[in-house]
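**Student:** Quick mapping for you: the protein sequence lines, in order, are chains A and B. So in our numbering, spot 417 of the first sequence is number 417, and the numbers just go up one at a time. With the second sequence counted from 1, adding 1000 to any position gets you our numbering.
Treat the hints with caution; some may be incorrect.
Label-pair ranges, simulated between beta-carbon atoms [what the hints assert, rightly or not]: (1) A:Val297 to B:Asp1146: 41 to 51 Å; (2) B:Asp1146 to A:Asp300: 47 to 57 Å; (3) A:Pro43 to B:Asp1414: 50 to 60 Å; (4) B:Glu1097 to A:Asp112: 36 to 46 Å; (5) B:Pro1299 to A:Val297: 25 to 35 Å; (6) B:Pro1242 to A:Gly41: 51 to 61 Å; (7) B:Glu1088 to A:Gly41: 22 to 32 Å; (8) A:Gly260 to B:Asp1414: 35 to 45 Å.
Chain B is nowhere near these chain A residues, computed Cβ spacing over 12 Å in every case [unchecked claim]: (9) Gly242; (10) Leu256; (11) Gln368.
Calculated from the structure, these hints are not laboratory results. We put the beta carbon where it would ideally sit given N, CA and C, even for glycine.
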Amino acid sequence: MNDPLSSVVATQEMMLPGGWEMVVGLEVHVELATKTKLFSGSPNRFGDEPNTNIDPVTLGLPGALPVLNRQAVELAMRIGIALNCRIQPCIFHRKNYFYPDMPKAYQISQYDIPLNIDGFLVLPSGTRIGVERAHLEEDTGKSTHVGGATGRIRGSDYSLIDFNRAGVPLVEIVSRPDIRTSEQAKEYVSELRAILEVIGASDAKMEEGSMRCDANVSVHKPGTLFGTRCEIKNVNSIRALGRAIDYEALRQIDILDNGGTIRQETRHWDDAEGRTHTLRIKEDADDYRYFPEPDLVPLDPDQAWIQSVKNNLPMLPAARRTALSELTGYDTRSEAVIVIVERAQHDYVRSVVSAGGDAVRALIYVQQSFADQGPNPSIPAGDIAVLTLLERDGKLSATQVKTVLAEIVANGGGDAAAIAAAKGFEAMDNSAVEAMVDEAIAADPSAWAKYLAGDEKASGAIVGRVMKASKGKADGKVVAASMQSRRDS
Amino acid sequence: MATIPTTALDIARAIAQQKISAREVIEHHLSVIDARESEIHAFNLVTISQARAHADAIDADIAAGRPVGPLAGVPIALKDNMCTHNIETTCSSRILEGWKPPYDATVVSRLRTAGAIMIGKTNLDEFAMGSSTENSAFGPTRNPRDISRVPGGSSGGSAAAVAAGFAPVSLGSDTGGSIRQPAALCGVVGVKPTYGLVSRYGLVAYASSLDQIGPFATTVSDAALITEVIAGHDPMDSTSIPLPSPSLQEAVTAGVVGMRIGRVTDLPGGAEPEVIARLDAAFAVLEAAGAIIVDVQLPTLSYALTAYYLIAPAEASSNLARYDGVRYGLRVPANDTNAMYGATRAAGFGDEVKRRIMLGTYALSAGYYDAYYGKALKVRRLIAQDFDRAYEQADVILTPTSPVVAFPFGDKVDDPMSMYLCDIYTIPTNLAGHPAMSVPFGTGAHGMPVGIQVLAPALAEHAMFRVGGALELATLGGSR
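Just need the whole structure built from these sequences, with the hints factored in.
**Tutor:** Pasting the structure below:
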């Protein structure tokens, strides 16, 4: 048998024109979902009135000192554990540079001794991407440059700074340069986002900036050393990430194929133009003058703490895909399984099955119709279970199912059989009615005996029980027909 | 009007017993300030109205029988690098001129809780960088013992305030000797506690890993009292030691019988002969009081100054980067942000601050870090190991506080290296994080005071105060 992955990863995507291969490493910043900031008690909350979640520490006022937030450390450790990292005793460093929205003119970050090191992430497609480190650091404030053409500080009339974001805890997750296609890059970020959501570390919204991604891109011919890399910034969606990487790789190939050389630089992705352009070249790079942060003591999480974080970690997306695969028989790499786990709706699929529903149909229905529902759909799982059985038992056609499903979703629930009946679909579930008749007979054997003996009035007691059991939803004619056929047989 | 006692302990007692009022005490000190401040310039700001109002409130509490703290009614001067809520805190720098913090330093709130009354903010070398208070942007402080001479620094204002009787006690900060050296030069007691014993929250940072707040006083007992009030764990400072404040006052009179006092046999030279003579006298006094003098070696001590002048400027270059004109303090407008930073910092910082920012920036730069900052950190560890070995033989170590007595204005200010040498005996303690105190012990050249420095291991303040108390007792002629 061939490599099981060959059917999933399109091999022709690996090769760029002229036999070039791209090499990509990603630096992903995520804002942690803590109550308060990394080093102060101000709320960590997005969208508040500017400069309301501030205090002397956040503003870097003279004399203010940082105190490390335990919850931030715990969430960072969750990330490390979920990414198979080693958690180590670590320290904080100061990264010194001037920028108006950085109140202390240094960022407290981790440098050569970060909290989480040497992990990996296995993509849904099966590729394993190394994770070099995942370290804690504080966010800066947010600048808005008003006036001028570019929206950047140079040329603007004035700038507004909101320090609400300053000091928000971040974890920077640095991958190894193991990514070879833009598809893998997108897959990596999607999977990372799913993990971060599942473990409650971050809401990981690229559009809101709670997850930010920089890509280091180079190209080379396989078997040769890696090429000179460029760092791509301002990538604000997973789709933009794929476009930016592809553009950048082709840009570099074009230069190299024409005898040029790549200059190491930071480039800005312009999503509207669909191209990158130079932000700054390496020679202009700041010397950050990192040195150990003297206002903080070393962070050395004890084994009991690490173990308790480990024990309390929820099931990760990969394990959820495996479980869903086992439940439905679908491959872990199938789109339906991947999508459902990405949306964190696997528990819902499971509850449909628990309510007696058909697993495969539950998976497909949820995949197709629950895109807007989030991890906890309000539609009763039993309603969906009923629908899966109607289809399985041939009571409804696939087209009819779509119509009924759409109505159930739109109404936040509903009786599939009743909806089908109202629409004139042959939706009555005879097997359910048969079971109810069985129960009614067992519950009132004397009435049944009278009915069998020809007492038509005695049928009322049986029909009444079925109606009660079905909460009035059973079709009386079907019940009567069932009783008639039993007497006749 | 009743006679106002000179010590914090006596003032607090007299006020508590309603022999005098807190208001009388404040008025007395304000009148002393009024008489001599124009020639001394100990203060950047005298908080007259706040002090009077606070004194009246304390008098009202006492009259009503409400409980008051151990320092109720005691005036205290604060070095102007400690944040005081809504009261200008300048660090004697143009760049912070006019800045009013929105919060109190932890020491300030602890003093207030204890009932102490802030009487003013004292002058310092800009951002605590200097040994003479000549680096203040607002003009130098003069030594009350001889106004032609410097008071030492950087806490020169706080030392002079106590020496001049402007306040019975004051607070300074000590990064390389900035409490002990001016205490010695002004003839008062100065204490640098163990690093982490007193919270740094609200102390405007010079060199974070070295800075420590401590008291000035006219007596060792007062210094012990103030240390007790300001020490103890503070959750707002991650480097604060998680221990309650120690009891120190009884140590002052506990005597030194059986204590082992270290004499450093390889002490770096340069001290004036009169200073060395006072050190010898101090050993003699302690031996006579029952202590045992032992020889100790501190071979790496001569590297301390070099290590300090890499570590402290490196941290300072980062700590002072925030004064960029964006959010508070001075801003010199310019065409773009970088030009504004440059113009603001060029105008706002004095020469010594600029010198240390440049030194520190260089020491941390890519390609130089290992050779300078990295190596300095190694020296720092070696010095700490030296002390550890020495403290196996000795309970405390005695040295001069300063190699020289107070020098005339202008003597060293244009020669940074000779100024830096003023701290040769005080800096090693900061690098090790240990406590040390300076106790006035007679006079040297020109009749100026000499201070003897008592060094002790981390958290051995109790032993330090025993020896300090014994030295003080000798200068009082053996009676308390």
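**Student:** Compare the structure with each hint and give your call.
**Tutor:** Verification of the supplied hints:
1. A:Val297 to B:Asp1146: 41 to 51 Å: holds (44 Å)
2. B:Asp1146 to A:Asp300: 47 to 57 Å: 53 Å Cβ-Cβ, so the 47 to 57 Å window holds.
3. A:Pro43 to B:Asp1414: 50 to 60 Å: Holds, since Pro43 of chain A and Asp1414 of chain B (Cβ atoms, about 52 Å apart) stay within the stated range.
4. B:Glu1097 to A:Asp112: 36 to 46 Å: holds (39 Å)
5. B:Pro1299 to A:Val297: 25 to 35 Å: holds (29 Å)
6. B:Pro1242 to A:Gly41: 51 to 61 Å: Distance hint for Pro1242 of chain B, Gly41 of chain A is violated at roughly 19 Å.
7. B:Glu1088 to A:Gly41: 22 to 32 Å: Since the Cβ atoms of Glu1088 of chain B and Gly41 of chain A sit about 26 Å apart, the hinted range of 22 to 32 Å holds.
8. A:Gly260 to B:Asp1414: 35 to 45 Å: violated (56 Å)
9. Gly242: holds (35 Å)
10. Leu256: holds (29 Å)
11. Gln368: holds (53 Å)
Violation of the numbered hints given earlier is confined to hints 6, 8; the remaining hints are satisfied by the structure.
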